[in-house]
Amino acid sequence: MKKKKICMVGDFSVGKTSLTQTFVNNVFSDKYLTTIGVKIDTAIIGDTKLIVWDVAGRDSLSPINSSYLVGAAGIVLVGDGTRENTIDDLSIIWDTVKNRIGEVPVVVALNKADLYDWSVSDQSYTFFSEQGWDVFSTSAKDGRNVEEMFQALVEKITN
Amino acid sequence: MEERRLQQQINEQLFKKLQLAYFCVDKSMRVTCFSKNLRNYGYDSVLVGAEIEEHVDFMIGLDAQTELDLPMVESPSGTPVAVSLLPSSGELTVLISDASGHAEQRQLLQQKANENELLLEQQHKLMGQLSLASKELESKNQQLEEASRLQTSFISGVSHEFRTPLTSIIGYTNLVKEDLLLVSESEPEVKASAQQNSEHLRAVQRSSKHLLSLVENLLDHGKLDSNEIFIRPKSTDLAELFDDVALLLKPLSDSKNIEFKLDIELTNSFMAVMDDSRLRQCLINLVGNAIKFTDQGSVTLTARLADESLTISVADTGLGISPENLKKIRLPFWQAADTGKAGTGLGLTITERIIELMGGDLDISSELGKGTCVSFEVPAPMLLETPIGECSTVSGSKVLLAEDDADIADLVAMMMSEAGVDVTHVENGALAIEALRDQPFDLVLMDINMPVMTGYEALEKLQESKNKTPVVILSASSIEADRAKAESLGCFDYLVKPVDIGDIFQIMNRVVDQESL
Ligand SMILES: Nc1nc2c(ncn2[C@@H]2O[C@H](COP(=O)(O)OP(=O)(O)O)[C@@H](O)[C@H]2O)c(=O)[nH]1
Ligand SMILES: [Mg+2]
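Here the protein sequences line up with chains A and B, keeping their order. Letter by letter, the first sequence follows residues 1 to 159 in my numbering. Letter by letter, the second sequence follows residues 1 to 517 in my numbering.
Here chain A stands alone, though its shape is the one from the complex:
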């Protein structure tokens, strides 16, 4: 079985851990627990074993440690659809990724789509489509688009 490493990156508290847990273990918790360093989970999509690195977010204390990205075959850029700044930050995060491991396949997860105060600007959507990224409005809470998003990334990686 092929094994592929992918990394969940994005600002803190956007739902990287939650998306991973929803996808891998089908569990969701409302409680916020900061991820320190990295948690590694595995899931199987088709004939690919996906190794999901849930990386600590970019936050007030530290940037993303790009060492964790080495060896990744694809990237999930995660933003919080209710916090505009986390979406604006995605382009900075993408630069970090690119500098370390080059242009790998990317999908964008705009998470927390179950919440009502959605604040993603048209500019952001334009930017994503200019980059050629697939964008998914996901919810770790109700599960919408989570599998689809991972599926899309795997397809990009394997093609």
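Accuracy of the hints is not assured; some may be wrong.
[Said to hold, decoys possible] Okay, derived cross-link-like pairs now, EDC-like style, lysine to aspartate or glutamate, Cα gap no bigger than 16 Å in a straight line:
| id | chain 1 | residue 1 | chain 2 | residue 2 |
| --- | --- | --- | --- | --- |
| 1 | A | 31 | B | 324 |
| 2 | A | 3 | B | 54 |
| 3 | A | 3 | B | 57 |
| 4 | B | 112 | A | 59 |
| 5 | A | 49 | B | 57 |
| 6 | B | 27 | B | 3 |
| 7 | B | 468 | B | 442 |
| 8 | B | 468 | B | 487 |
| 9 | B | 485 | B | 457 |
| 10 | A | 2 | A | 59 |
| 11 | A | 2 | B | 54 |
| 12 | A | 49 | B | 2 |
| 13 | A | 3 | B | 63 |
| 14 | A | 39 | B | 457 |
| 15 | A | 2 | B | 51 |
| 16 | B | 234 | B | 275 |
[Unchecked claim] Pulled a few chain B residues facing chain A out of the computed Cβ check, cut under 7 Å:
| id | residue |
| --- | --- |
| 17 | 53 |
| 18 | 60 |
| 19 | 68 |
| 20 | 74 |
| 21 | 103 |
| 22 | 111 |
Calculated directly from the structure, the hints in this document are not laboratory data. C-beta atoms are modelled at their ideal positions from N, C-alpha and C, and glycine is treated no differently.
With chain A fixed as given, assemble chain B with the ligands onto it according to the hints.
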């Protein structure tokens, strides 16, 4: 060979001491050696010769040439570990150490910091929403204020339109009545018809005055809404004021066959500094109301002036007010809708507000079927100097009157001529400026709304040409903004129509006083 074994032994002891685990892979990523304590961290299937990717997840995607530090990775045992990849001569050594102590500290710190930042973000967002909401409110408020301003200016416009002709109706009926009094000293049949005519005239006058007071109530109500009612105290003859009120309302009580009693005690001094027209308005309203709601018995107006304070009460033996209606009675428009009596239902609201502005409180007590008593007490500072004799100094002075309404102009001119004032009449501001250029005047009486050149424009022109002749504005508008505008343009005083000729004389005396300083 011996040396190498020794080195390995030393290494192993060192690693044990530091709780380090390790494994090595060759360039094809197959395991060449590993430490036994690797399984403490849950990597328990590692075998020499096995592909490392099959057994250690974090090695997936990595190669044997890259040096790398992964400071904190959750191991399969759950313990966070620090991982170091050290390539050397085609082989890769991977060191794994316990990082749980460090991770715990870091977790606490990071959790706090992140939660804090989330709170800040949330606060920021809420503040944004708040300021948006308050902006919305502000603009709504502005719209409302604008609407209320438009309403006020509409009401004042309409009342102006009414007030001007009413003023001349009232003034002329007065003159005709005086003529009739003279006639009544002649032949008996003329006298009889004159008497009848004078009755008719009195009816015309009563109706006009009533109409005027309705218009004024409407205007005042508009001003209540925009906080535009002001109290302007001046020397007031209280005895005369009460006489006036009695004279005005006596016919009303007579027509209903009820007794109108006056109980006035003003001590020796009865000149007080009060807004006489506002006080008069309140009294007429309260007494008028009492008469309106009393069908038999009496209405008593009691006034006491003592210690610079005026106490008034109006008691009637009328219908009385039920306790629940007593609560509603102060609401604007209330009575008009509910009692079927004539009026706008604004009188009491306005009266109450005016009394408040004069520094008093309107108190209403009532018993159904027995009658009602309203009372209030307002400050009434005594006038120290004796008032100046009305016509003493005005006689012989030259006054320029700028007024486009011929009826009002004739009326004012007639009354002033009687007092010996030399009046020149012009129809607009431009003609007034011209007249002032040609000859000196002691005083200018100026209307605001005139064709060709308005009173405002004329004031401006006079200011420019440094003409110091005092200008008194006779305006149909009692809107505060209009007064303020005229004052900013340097008018000497501002009177609202219908103008009391006595007020004009008082102002003329003030002008003379100032000039003689
Ligand atoms: N309503 C809602 N809350 C979510 C969703 N995903 C994550 N959260 C919550 O957001 C917070 C941060 O999630 P987490 O996965 O720890 O974010 P990470 O820092 O990016 O790993 C937690 O309180 C989660 O319960 C979602 O899709 N909908
Ligand atoms: Mg996390």
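Hints, one by one, checked against the model:
For the hint linking residue 31(A) to residue 324(B), the alpha-carbon distance of about 57 Å lies beyond 16 Å, and the restraint is violated. With a CA separation close to 9 Å, the supplied pair residue 3(A) and residue 54(B) stays within the 16 Å bound. At roughly 9 Å between alpha-carbon atoms, residue 3(A) and residue 57(B) fall within 16 Å of each other, so this suggested pair holds. Our distance criterion of 16 Å between C-alpha atoms is met by residue 112(B) and residue 59(A), whose separation comes to about 12 Å.
Proximity of residue 49(A) to residue 57(B) is assessed by CA-CA distance (about 11 Å); at most 16 Å being required, the pair is judged to hold. For the suggested pair residue 27(B) and residue 3(B), the alpha carbons sit about 25 Å apart, so the restraint of at most 16 Å is broken. At most 16 Å may separate the alpha-carbon atoms for a hinted pair to count; residue 468(B) and residue 442(B) meet this at roughly 10 Å. Taking the CA atoms of residue 468(B) and residue 487(B), the gap is near 14 Å; set against the 16 Å cutoff, the hint holds.
For the proposed pair residue 485(B) and residue 457(B), the alpha carbon gap of about 11 Å is at most 16 Å, so the pair holds. At roughly 33 Å between alpha-carbon atoms, residue 2(A) and residue 59(A) are farther apart than 16 Å, so this suggested pair is violated. Between the alpha carbons of residue 2(A) and residue 54(B) the distance comes to roughly 11 Å, so the proposed pair stays at or under 16 Å and holds. This hinted pair does not check out: residue 49(A) and residue 2(B) have alpha carbons roughly 44 Å apart, beyond 16 Å.
Simply put, residue 3(A) and residue 63(B) have alpha-carbon atoms about 14 Å apart, close enough for the 16 Å limit, and the pair holds. A hinted pair counts as satisfied when its Cα atoms are at most 16 Å apart, and residue 39(A) with residue 457(B) does not qualify at roughly 83 Å. About 13 Å separates the Cα atoms of residue 2(A) and residue 51(B), which keeps this hinted pair within 16 Å; it holds. With a C-alpha separation of about 6 Å, the suggested pair residue 234(B) and residue 275(B) falls inside the 16 Å cut-off, and the hint holds.
A distance limit of 7 Å between C-beta atoms decides the matter here; for residue 53(B) the minimum to chain A is near 6 Å, and the interface restraint holds. Taking 7 Å as the C-beta contact cut-off toward chain A, the hint placing residue 60(B) at the interface holds, the least distance being around 5 Å. The interface hint given for residue 68(B) holds, since its Cβ lies 6 Å from the closest Cβ of chain A, which is under the 7 Å cut-off. The closest approach between the C-beta of residue 74(B) and any C-beta of chain A is roughly 5 Å, which is under the 7 Å cut-off, so the hint is satisfied.
Hint status for residue 103(B) relative to chain A: holds, with the closest Cβ pair at about 5 Å, below 7 Å. Of the supplied interface hints, the one on residue 111(B) holds, with its beta-carbon coming within about 5 Å of a beta-carbon of chain A, less than 7 Å.
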